[in-house]
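S.K.: Residue numbers (our numbering), protein chains in the order written: chain P, 1 to 519; chain E, 1001 to 1126.
Just so you know, the hints here were simulated from the structure itself, not pulled from any lab data.
Check each hint, because a few of them may be wrong.
Straight line, CA to CA, 27 Å or less: simulated DSS-like cross-link-like pairs of lysine-lysine [as the list claims (entries may be wrong)]: (1) E:K1119 with P:K317; (2) P:K317 with E:K1115; (3) P:K325 with E:K1075.
The residues making up each chain are set out below.
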Amino acid sequence: MKWLLIVLIGLTYYVLGQISFLTVLPISPAGPALAWLPTGFAVAAIYLYGFGIWPGIALGSLLNADLNVVAIPVVAGFVIANTLDPIIAVWLTRRGLGREVDFYRPLDVIVFILVVSFVSSPFSASVGAASLFMSHAIPPNIFNFALTWLTWWISDLLSVLVLTPLLMSWRQAAPLLQNKRNLGAKIFGGILGVAVLYTIFSMPLGRDTIHFVYWVFPVILWQAIRHGLRVTAASIFLLALVTVWATSQGIGPFIGPSMELSFLYVHSFLAVSSITALLVVAVVSERDRAIHNRDEFFLIASHELYTPLTVLSMLSKFLDKLVSKEGLDSMTRAQRMDLIRMNSKETQRLSKLVEDLLEGSRIAAGRLVLEPVDTDLSEIVREVIHEHSDQASQSNVSVHLNAGTEILGKWDERRLYFVVRTLMANALKFGEGNPISISVERKGSLATIIVEDKGIGIAEGSQQRIFERFSRLKSVASYGGLGQGLFISMAIMRAHRGNIRVESRPGKGSTFIVELPSS
Amino acid sequence: MVAGATPPTILLVDDEPSIRQLMRFMLERDGYVVWDVSNGAEALAALNSMEHPDLILLDLMMPVMNGWIFFETIKADHRFNTIPVVIITAYSRSEIHIPDVECLRKPLDFDAVRKTLTKYCRDKTS
């Protein structure tokens, strides 16, 4: 099955290459092509099927090399350039982001653009152009080398910018687009786009038509804002097809003094269009996500507030009835004390929830001011474990503490309590009843707290998201909470010039490591 | 409540210890026998080890096994699907997406709880 996939990818790569060869530069029959579709396809294929499909890319690249035209060393150079190019692109973006690229996040789009613009495509262009240059497949002068390099680079880059998001958009479903599925608006956008393109390319103004090219942007932006990645990437692909075809026929605003320059103009225009479109899609979708998270947060916050309110309101009604009908004496002293304790516990809980909400807003508004006092970190950890001992024993969870003597420093004690409480509560909540171990120690000038559970764990791709505000990896139906404990904790640690990080494997548990510089 | 008769049994499923404590306190004063557990999985274990309760009071948002999954599980199990279930939740009727089930909204009005319990445990309480 895997080999079938590899062969299929190789054949597709070959076919896309053959189509691209129709646009080969006249300086050498060996290439480079002005539009090089296979790289965009190869990057998407590696994202979707993993690095294991690389033989398919090498195969397609080999099939595309015309042995009648180029020597074996050049073919080897081509295969190396074309195979490593998508591998570098995917590996570096994954490494830079710590997860799979998500075209609905601005940071991901920026990292993706930087990697393909400045690393993977330049690498491919350098190896490819050097192979052609050294085997004299192109006239051996620096101008031709530069032109070959530039053409290789930009056609490769453009292929990734235009084709990869389009192919991946079929896998990455648009989040939160339910309200935007308006077929009428899509058809109208399509007609408008075609009308604008037709007008630009049919104007009898020659090169002066360039001044009307800007009309493409409102249409692209509208698609990006309204319809998400799929429609926008498809529009950009169509725009590229029309522009490249028309320019190759000598039609339209991009006609320059030579074919090479014409295509450089086209490529520059298409690169700007696709980068703009990708960024707008990501920013708009981040905005939608923020609005969605905020609304969800209000819902969750009201539910969280409801629980203590439920207890308090039931308690007051019960006491009201009891006093007016049976009298307080109908309860034993122990029963009365239980109710009083319950009342004060729920009141405290309510005020803590309100304080957490305030703290979250304070941090989001950048108004967190620390109040450092002499603090013993070991004491905080001991105290927090003690606070949670009832809950732990109810769920049969053993908590193991490894703490030496006191670890003193000038820190914001109240807020460090918050951090340790958050980690402890999370370990209990997500630890699935398994033992929890906590250690506190000082290593040089760094005090560390390590909280380790053996619970559900966190997938690698989600480990950064847990520190975002309102983030929630698990359904609220199963795991309650405001979803901002780690966000607040991270802000508190950063304010102390410290850090929190997580090491985790799904199903194996999570380890949270708090690092606090002594000050 | 008739003295000497078997008192009606309630299985209370809620992850909030204070709600369990308070409900238990109030219901026991009214003569019910209350089993309380903190999630759906514990409730299933309890059902397997006890005589059928006269009613299940079920919260929805809970860890380990939430109320929706527990409800589906017992409705699909012929041993338990005749036990009446009343949902206790802060969600509104339209938000819980479970058709034909009686629902008590949090914050709970204890008189309403009493009335509902009496309805389901009439045989034993009248």
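S.K.: Determine for every hint whether it applies to the structure shown.
M.R.: We went through each hint and held it up to the structure:
1. E:K1119 with P:K317: This hinted pair holds, its Cα atoms lying about 21 Å apart.
2. P:K317 with E:K1115: holds (15 Å)
3. P:K325 with E:K1075: Violated, at about 40 Å.
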